[in-house]
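A.B. asks: Numbering (our numbering), first residue to last: 434 to 604.
Note that these hints are calculated values from the structure, not bench results.
Lysine-lysine pairs mimicking BS3-like chemistry, simulated, CA-CA at most 30 Å apart:
#, residue 1, residue 2
1, Lys594, Lys559
2, Lys440, Lys594
3, Lys440, Lys527
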Amino acid sequence: RILTAVKTWVRGRYDSSEQYERDLQNDVPETEQHRLMHQLFVPVEVSFTDGVLIYQQSSMDGTEDPDWITRRGLLQFYVNPETGMVQQRELDFKNSENVFNVHRKPELLASLTLDDFTWRENCDFKLSMSADGMTVSGPMDFGACRMENPGSGEDMIAEDKIHITPDEYWF
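Produce the complete structure using the sequences and hints provided.
C.D. replies: Printed below as a string of structure tokens:
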């Protein structure tokens with residue numbers, strides 16, 4: 434049920450403009466404000482891994498101009514064979530500097546393998562569905578997702594949660 438819902442729901446363009454504007458109006462401290470971000474989600478088919486795959490691309494202004502795109506990769510929703518739980522994993526392109534707008538160039542994905550991606554297993558989200566079937570959500574394991582902060586080089590711990598409905602994707 435979760436994989437079916439995600440395949441149907443996680444598509445389209447999303448942005449954080451409401452949260453961003455609300456934070457500004459409420460004088461939320463800068464360190465706690467939402468960043469203004471635009472996200473594109475497009476389901477894709479690949480042969481190199483299982484599950485539901487969604488191409489994701491972030492930009493500051495919603496454009497598809499490579500100069501404004503800040504993040505791109507695949508979201509993989511899959512059943513963990515050891516736990517039977519549905520998880521969300523981020524697959525990042527190893528050589529992302531020339532990877533943009535893959536949703537417009539599906540032939541690019543056809544030439545790739547899992548070796549063309551990196552991921553952090555400890556950063557997967559463990560997903561469950563609400564009793565009414567209208568929400569898929571789940572956290573990362575507390576304290577397990579560690580990475581280097583690209584700005585400072587310091588160790589950073591991610592403790593995030595996602596919340597997905599038919600018209601929202603909250604991260």
